[in-house]
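Line by line, the protein sequences give chains Y and B. Using this note's numbering, you'd call the opening residue of the first sequence number 182 and step up by one each time. Using this note's numbering, you'd call the opening residue of the second sequence number 151 and step up by one each time.
Read the hints as simulated data drawn from the structure, not as lab findings. Note that the coordinates shown come from a computational prediction; the quantities given were computed from them, not determined experimentally. Treat the hints with caution; some may be incorrect.
Covered stretches of chain B (chain Y as the covering partner; in silico rule of three or more C-beta atoms under 8 Å from a C-beta of chain Y) [stated by the list, open to error]:
id, stretch
1, 212-220
2, 223-229
3, 244-255
4, 258-265
Subject to a maximum C-alpha distance of 16 Å in a straight line, what follows is the list of computed EDC-like cross-link-like pairs (lysine to aspartate or glutamate) [as the list claims (entries may be wrong)]:
id, chain 1, residue 1, chain 2, residue 2
5, B, K244, Y, E328
6, B, K244, B, E223
7, B, K244, Y, E317
8, B, K244, Y, E329
Facing chain B, according to a computed beta carbon distance under 10 Å, are these residues of chain Y, among others [to be verified]:
id, residue
9, G249
10, T311
11, V337
12, F343
13, A345
For each residue, glycine too, the CB sits at the ideal point set by N, CA and C.
The primary structure of each chain is shown beneath.
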Amino acid sequence: MSLESGAHTVIWYCFAFLTAGSAAYVVLTRNIVRAAFALVATFIGVATQYLFLQADFLAAAQVLIYAGGITVLLLFGVMLTHRVQGMEMRLEPVKAVPGVLVALGFLVAIGAAISRADWHLVTPVDSSGTTALVGEAIMTHHLLPFEEISVLLLVVLVGALFIARPGHSQSAGEDE
Amino acid sequence: MIFNYGNVLVFAIAATLFVTVTMLVSRLLQPSVYDTEKLTSYECGMRPVGSAWVQFSIRFYLVALAFIIFDVEILFLFPWSVVFTAAGLAALVKMGIFIAILLLGLAYAWQRSDLDWVKQVMSPEEGSF
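Could you build all of it, start to finish, from the sequences and the hints given here?
Written out as structure tokens, the structure is:
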């Protein structure tokens, strides 16, 4: 193992620990606001995993949309609830036996998938990143899907604004 | 290729160290004198009424929803800007169509006054949960 790949492995383990640790904190903390902030660290950790897989555009998307946007939406969702101060999440096991069974089954399924997968060791190619490739694709061969994305986003925006408007439903009209 | 991000990593580490070292030095050097006045929001000024943890207005959520949509739009500006110099005017028109369709949504939100600020001012009794 060369010095470069050794440092690479150490850095990978650091970010893997950050991702898994902050994800565990999200699950284990009782404070819902702290959970939302720990989720930012998880999202950024996942983004670094994308970077290790040489998917730099996906990493940028992860940081911009999940760490930047979804977290804001989550925090607003938390702040919109009544009495957020006294609210603590229950951590007692509600259905212990089915929960353990589901978790074990999931572990076995993932373990089986990992052990059966045909892993290839790929040496990292020296590329200048995927962003320019994505840019070429959406400007030439995939122009119509690209323009359809904007139509889709327009539908989502109008639909979300319509549903979330105060007075649309009884629960949403409380502050008017 | 992965080492192109080495400088990003160095920046991240430097930023983290800057904050932690500053907080640590401040913690070590500061005299610790306890006073309840220090715990108030403004040491001289208005007394805060109620808790800071009030229920937000639903309108913040509408703004956040619109923000997510335009966040996704900004994401697609990145690859476009990388190839823009090579693609030229055609790329400008294509991105113009993309943004124009999304601007319809902004116009809709504006026209339905979803972007207006909260007009109703909360009384302190309502605001303090």
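Each hint tested on the structure:
no.	hint	in the structure
1	212-220	holds (count 7)
2	223-229	holds (count 6)
3	244-255	holds (count 8)
4	258-265	holds (count 4)
5	B:K244 to Y:E328	holds (8 Å)
6	B:K244 to B:E223	holds (13 Å)
7	B:K244 to Y:E317	holds (12 Å)
8	B:K244 to Y:E329	holds (12 Å)
9	G249	holds (6 Å)
10	T311	holds (9 Å)
11	V337	holds (6 Å)
12	F343	holds (9 Å)
13	A345	holds (6 Å)
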